[in-house]
Amino acid sequence: MRPLLTALVALSTPALALAAPACPAPEPIAPTPLPGAGPVMPPTIPAAEIAASPALRRIVSHGAVLYRLPTEHGLHAVFARSGSQFRVFYLTPDDQAEIGGVMWDAAGHNITRSQVAAIPGTVPTVHWAPATAPSAGVPATQPPGQATTDPVARLAAAHFGLEGRDGAPRVYMLIDPLCPFSTRAFSALAPYTASGRLQLALVPVSINDHENNGASTPAALELLSADPHAMGDVWRHLSGLGHADMQKAPSPVAQAALTLNLSAAHAIGMRGTPTLVWKDRTGTIRQEAGTPDDLNQFLASLPS
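Mature numbering (1 follows the signal peptide of the UniProt record, and there is no 0) puts the sequence shown at residues -19 to -1, 1 to 285.
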């Protein structure tokens, strides 16, 4: 069993004006405290009910403890937990079969996420408090009193896909896959990745859920489930659809990868997508929000 839910991003500082067109982080929202002092768990399913259901018996046979969730669209929902691992199952009306996974409604709302949001440990949270964003194209700096963060090293430890020739100067690009400015930047830089002038390291995050009804997170998970060298092609396909391919389940590690990327974005003070981070020909680290205003100047700054 594995977590199948999407990461939350709790924003605690307002977004500053971006130096170039980019999808900004949403306005700050305070994390909602869980009711009560202890864990919020749904009621357990009685042993007699489990014994009477072939589907529940199969789930329990793997060592899980079963909790009852609200019925959705005529299907009884079960939260199964074994240690730190969990999964949500929906039972068929005859109690003979179970369906493990995430339920979405016709509007693209993640019903499963809403069902388990109050259960501790089910939805990873990154508290977003970016540092002051650097001006466009200037060296990235850290506010006084904070430990120095090397943005290039921080993103090198994140999860990313590669677009362009290996050995070409690498530029890290933090993207929300459904942010139109991220898509435009990818298109604008495509001729230069194709010609070998640079290699883009695509770092998917999800900050645009507040504008697209939660569609950015499953899109980011789809990219993070792809082979790194195929991520660009997956993104182009996803952009054509306008949303994630709901027929594809995220990989077992996509959730953790997205949480790690959001943490890296926070650490370098990202204010919106796309954000470009690179080391120029002098060894100076540069960080810029949006597509560079002067592409020739940007390309000239890259190492030969």
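Treat the hints with care, since some could be wrong.
Claimed, not checked - Computed beta-carbon distance windows for the label pairs:
hint, residue 1, residue 2, range
1, A175, L222, 17 to 25 Å
2, Q278, S63, 54 to 62 Å
3, L222, D147, 27 to 35 Å
4, T265, G223, 51 to 59 Å
5, P161, P24, 18 to 26 Å
6, R217, R262, 24 to 32 Å
7, G55, G148, 41 to 49 Å
8, G148, P233, 30 to 38 Å
9, D86, V46, 47 to 55 Å
10, R217, H90, 36 to 44 Å
11, H218, Q278, 28 to 36 Å
12, R217, A28, 50 to 58 Å
13, I80, D131, 41 to 49 Å
Honestly, the hints are just simulated from the structure, not real lab data.
The beta carbon of each residue, even a glycine, is placed where N, CA and C say it ideally should be.
Subject >> Hints violated by the structure (numbers, ascending) >> reply: Hints 4, 5, 7, 9 and 10 not satisfied by this model.
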